[in-house]
Structure formats: structure tokens, C-alpha cells
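Using the hints, position chain B against chain A.
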Amino acid sequence: NAGVTQTPKFRVLKTGQSMTLLCAQDMNHEYMYWYRQDPGMGLRLIHYSVGEGTTAKGEVPDGYNVSRLKKQNFLLGLESAAPSQTSVYFCAGSYDFSGNTIYFGEGSWLTVV
Amino acid sequence: KQEVTQIPAALSVPEGENLVLNCSFTDSAIYNLQWFRQDPGKGLTSLLLIQSSQREQTSGRLNASLDKSSGRSTLYIAASQPGDSATYLCAVRSGKLIFGQGTTLQVKP
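These protein sequence lines are chains A and B, in that order.
FYI, the numbering for the first sequence is 5 to 117, going by my numbering.
FYI, the numbering for the second sequence is 145 to 253, going by my numbering.
Just so you know, these hints were derived from the structure itself, not from any lab.
Remember, it's a predicted structure, so these values are computed and weren't measured experimentally.
Misleading hints may appear alongside valid ones.
Stated by the list, open to error - Selected chain B positions facing chain A (Cβ under 7 Å, derived; list incomplete):
| id | residue |
| --- | --- |
| 1 | Ser190 |
| 2 | Lys240 |
| 3 | Phe243 |
Yeah, the Cβ is synthetic: ideal placement off N, Cα and C, and Gly gets one too.
Isolated chain A, as found in the complex (with noise of 0.2 Å):
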């Protein structure tokens, strides 16, 4: 039991690339969501998913896009990579949306130049 599993964990991107990061759960969670931690910000929400095959906006999803083609894997797309989008993206799995613990996966550290 894996629990959430995100990849890759460090990358290093040129302004305009495009890159996609992995996120894997193994424990049958309905809902899968998407932040990124900044200095004196906090964990703000990029997108959720409700579960396979949909998705939603969450309060920062300018500059991304995800899918949920499968329950265990929620994709987050970057298209054209910008240097305000340096950040560690967490992705997260929970069984429902309002009574149970969330579960975090390890991060990734993304650097835009």
C-alpha cells in the first residue's frame, strides 16, 4: 500500500515548456486534489476531481489543466511553464469531501527559469 505517490519529484523547467506531473493513490480514494505550497501562502487548491472523469477549478487554476481518466491517477498539466509557477505541487486523496482525513503525497519541487 503505496498511498499517494507523486511524480517526478524535482524537475527544472525552461520558461514555455509544458510538463506533466503524476499523481497515483492506491487507496480507493473518490476524490484527488492538487495544490501548490508557497513561502507566506500556504497550500492553495489548483483543481480537485470528484471522482473518474471529472474535474473542477479550485481557488489558482490559471495556468494548468488535469485529468482523471482513471480513479488511481489524477494528471496535472502545465502547458507553457512560467516562472510563477515555481512552487511544491501536493496532490491529495480523501474518501469524501467532508468527513474524512485527507492523505498527502510526498511533493513535488518544481523550478521554472
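For chain B alone, kept in the frame of chain A given last:
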């Protein structure tokens, strides 16, 4: 709009002290409140989850309380140890999960 504030931003205490971390939120219409621990370079680990109908939760040396009406929660750590050094975040679920900015705790031997 829900806002979550944690005070202080940083705290340094000698080993063995009992301490309290504070979390306040602006909208009392919440499903639950959760306390997390984050070690440097790591993800978040859930410590305690308090449902909106509950007043407190305990796990070992940790005790979290919730006062919805005043929009406050506290995390009490008893007999602090150097291994407790980390950043502690609270998050409230009211629709989405909204995080505070965290309190960075250092426990000195």
C-alpha cells in the same frame, strides 16, 4: 470567503514544555477541522481530525480542541520533544479545504 490564520508563525521552546498552537477561522460553517504536521522537504501528515459536532480529539501527547462559535481551534502538545520540531498546519473544510499558513515549531534539547 473562509480565511484561516495561525499564530504565532514561529515558536521556539525548550524540551519538556507544554505548548499551545492557535488556529482561527472566519466562517463557522465548517464540516471539520484538521491539524497536520509537515517536516522539511516532506508532505503533510494528518495528526487529528475534529468533526464540526465535536469539541476535541486526542492522540497521545496531542489534544486538539474546536470552538466553532468563536472560530477557534487549539493544538496542545504535552511534554514537547525535539522530534516534535516541524511545521504545524490547520485546515478547515467548508466546501473546500482551506489551510492556514502554519506555525513552525522548534523544540530545543
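Taking the hints in turn, this is what the structure says about them:
About 5 Å separates the beta-carbon of serine 190(B) from the nearest beta-carbon of chain A, less than 7 Å, and the hint is met. At a threshold of 7 Å, the smallest CB-CB gap from lysine 240(B) to chain A is about 6 Å, leaving the interface hint in force. For phenylalanine 243(B), the suggested interface contact is upheld, since its CB lies about 4 Å from the closest CB of chain A, less than 7 Å.
The structure shown violates none of the earlier numbered hints.
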